[in-house]
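Below, each chain spelled out in residue letters.
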Amino acid sequence: MDSSIAQKTWELENNILTVEKPDPSSDSIFYYDEAAQAKFQQEKPWANDHHYFKRVKISALALLKMVVHARSGGTIEVMGLMQGKTDGDAIIVMDAFALPVEGTETRVNAQADAYEYMVDYSQTNKQAGRLENVVGWYHSHPGYGCWLSGIDVSTQMLNQQFQEPFLAVVIDPTRTVSAGKVEIGAFRTYPEGYKPTDDPISEYQTIPLNKIEDFGVHCKQYYPLDITYFKSSLDCHLLDLLWNKYWVNTLSSSPLLGNGDYVAGQISDLAEKLEQAENQLAHSRIGPLGPPRKKLQEESQLAKITRDSAKITVEQVHGLMSQVIKDILFNSVRQSNRSHNEQSGPEPMVEA
Amino acid sequence: MASSSSSGLTFKLHPLVIVNISDHYTRVKSQMNPPPVTSTSATVNGVEPLQQAPRVYGCVIGVQRGRTVEIFNSFELLYDPSTHSLDRPFLEKKQELYKKVFPHFYILGWYSTGSDAQESDMHIHKALMDINESPLYVLLNPTINPAQKDLPVTIYESELHVIDGIPQLIFVRSSYTIETVEAERISVDHVAHLKPSDGGSAATQLAAHLTGIHSAIKMLNSRIRVLHHHLVGMQKGDVPCENSLLRQVSSLLRRLPAIESEKFQDDFLMEYNDTLLITYLAMFTNCSSTMNELVDKFNTAYDRHSRRGGRTAFI
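From first to last, the protein sequence lines stand for chains A and B. Mind the numbering: the first sequence is residues 1 to 352 in full-length UniProt numbering, read in order. Mind the numbering: the second sequence is residues 1 to 315 in full-length UniProt numbering, read in order.
Do not take every clue at face value.
Among the chain B residues that face chain A by a calculated CB cut under 7 angstroms, a handful are [to be verified]:
(1) Val-19
(2) Ser-22
(3) Thr-26
(4) Arg-65
(5) Arg-67
(6) Gln-95
(7) Leu-277
(8) Ile-278
Don't read these hints as lab results, they were simulated from the structure. Where a beta carbon is used, it is the ideal one built from N, C-alpha and C, also for glycine.
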């Protein structure tokens with residue numbers, strides 16, 4: 001059957017590793033070993049190596065909570081804290097909770113009542129059996145991508161001085177809904193004055209024009225970590241069963257309707273960027289033997305714009321495909337019926 | 001315990017609650033049963049160490065609008081085994097904390113794990129009645145049964161029934177639906193099927209998106225087949241004729257086509273055109289970018305200003 005061959009080719013191309021179904025004994029990640037954690041805190045292996053933590057493991061629960069909280073904020077930035085532990089060079093995030101702080105660009109740190117909240121919440125959690133400590137903070141950048149702004153960088157540098165080990169996570173709920181996949185990034189900053197020896201290759205993402213300066217100035221001061229997710233065996237089982245009821249939501253979701261504003265914003269942003277690129281190109285025409293480096297930059301700017309436009313288009317086309325499929329499934333009955341009888345549509349009966 | 005509720009309330013459950021309860025249970029269970037230090041110790045015994053299955057308790061919060069009860073979130077509670085009740089000051093503290101962050105949510109009830117509702121649970125249920133006059137009891141069955149097809153979550157309500165002349169409160173089961181917001185759905189999907197998280201090529205994204213829709217349609221198809229099979233059986237006479245089922249199927253069929261009006265067609269085509277327009281613009285941008293690169297390369301290769309009238313050879 002060629003469909004199975006196609007699937008195998010696809011899996012090979014994308015290095016999909018089939019994870020074995022976790023059995024109950026592998027739920028050991030949920031066990032909190034107080035002694036080992038205390039020992040790790042004392043050793044502080046991260047003090048010498050600024051690139052020590054390389055990976056992040058996020059639990060299904062933490063991810064769900066963070067995304068739902070970020071989305072509930074709408075266009076306002078929200079923030080919260082994450083609880084978990086460390087494991088060698090990985091930080092493990094077990095849970096997350098929201099903080100009652102309204103984020104604005106100028107707020108540097110959570111205010112005093114947020115600290116109170118945090119202390120209260122941690123205490124009650126410890127009583128209820130959640131023994132882990134706070135290992136990081138998360139906040140949302142609705143619509144403008146997963147990266148650390150200048151304020152975020154200074155906050156995180158402060159955190160990394162006094163509350164190690166600490167992690168910064170950024171979620172973009174608008175792009176998540178638009179793209180159909182979770183937009184999330186985990187970062188750690190370098191201390192002041194440290195220059196990384198090699199340039200980390202990070203995934204390209206489009207940044208709106210009004211934020212691009214902020215992004216550019218600080219992008220070398222932090223590095224992204226790899227994110228993987230894990231879930232317990234019970235979670236696995238429940239999620240599988242959930243699919244039996246869930247497929248209805250997948251079919252009925254209509255991303256086009258929900259994100260009209262965001263897409264319009266993106267397109268106008270692209271238009272502005274194009275204008276900028278055009279101006280730069282016009283200037284370079286004056287000197288025919290201009291330095292080759294300048295030309296490279298303009299080219300890459302136009303290429304970036306092309307990539308952005310391709311991304312938006314792809315998302316829109318996906319949304320439209322869903323709509324068309326639904327239309328065919330549920331609306332085209334009429335066409336075949338019309339040839340049979342002349343009756344006008346009967347009104348639906350009240351359900352028994 | 002009666003088998004169906006008659007209160008007329010519709011319940012909507014968010015997947016976050018289910019994952020929350022499952023995580024609480026897994027956590028408590030794994031703290032009670034620390035993992036073996038080395039793998040050899042387990043095999044030497046030849047028998048797996050007894051896993052205790054603890055019962056965990058907690059509170060569910062959400063919104064009630066009219067007759068619809070929507071359960072959004074949940075948090076853990078402490079159970080006091082000596083008094084067989086939940087720790088009240090703890091509950092109030094937690095409620096305060098959650099009110100700060102989610103001001104719209106009210107306490108709707110409580111949850112627990114186990115295979116069936118027990119008599120002692122009624123005690124806890126009554127204690128919660130002063131916060132909410134008709135609390136819910138959500139029960140999750142944590143035993144993993146691979147043959148199970150249905151979600152092991154049941155919602156119970158309490159009803160006053162007269163049994164043996166004495167009015168008593170008993171648990172009655174209610175049905176519920178799973179409700180979600182788009183962001184929740186995407187993250188559940190992400191974790192459940194571990195879709196490729198990086199951008200990948202356009203082909204991978206397309207494949208992922210279409211696979212999702214394809215599985216949903218497959219489910220729809222299989223469900224319709226089951227119904228069809230049942231109806232054919234009824235027609236043949238193998239299965240006793242059930243009028244209520246027939247009425248439901250008939251009304252379902254009459255709902256198709258879903259929307260049929262001029263205005264819908266117009267809007268739909270407009271959306272279609274908008275998307276095509278975006279595709280056109282993107283194509284344009286792509287073309288002009290490629291053109292630009294070509295022209296630059298041409299200029300670099302055939303440099304007109306360095307040699308008059310000549311063409312430099314390029315390698």
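Now the hints, each set against the structure:
1. Hint status for Val-19 (chain B): holds, given a least beta-carbon distance of 5 angstroms to chain A, under 7 angstroms.
2. Among the interface hints, the one on Ser-22 (chain B) holds; its C-beta lies about 5 angstroms from the nearest C-beta in chain A, closer than the 7 angstroms criterion.
3. For Thr-26 (chain B), the shortest C-beta to C-beta distance to chain A is roughly 4 angstroms, which falls under 7 angstroms, so the interface hint holds.
4. With a cut of 7 angstroms, the hint placing Arg-65 (chain B) at the interface with chain A is violated, because the nearest CB-to-CB distance is about 17 angstroms.
5. Contact between Arg-67 (chain B) and chain A, as hinted, is not supported at the beta carbon level, the nearest pair being about 16 angstroms apart and thus beyond 7 angstroms.
6. Annotation: interface hint on Gln-95 (chain B) violated; nearest CB of chain A at approximately 11 angstroms, more than 7 angstroms.
7. At its closest, the beta carbon of Leu-277 (chain B) sits 10 angstroms from a beta carbon of chain A; the interface hint therefore is violated under the 7 angstroms criterion.
8. The criterion of a C-beta within 7 angstroms of any C-beta in chain A is met by Ile-278 (chain B), whose closest approach is roughly 5 angstroms, and the hint holds.
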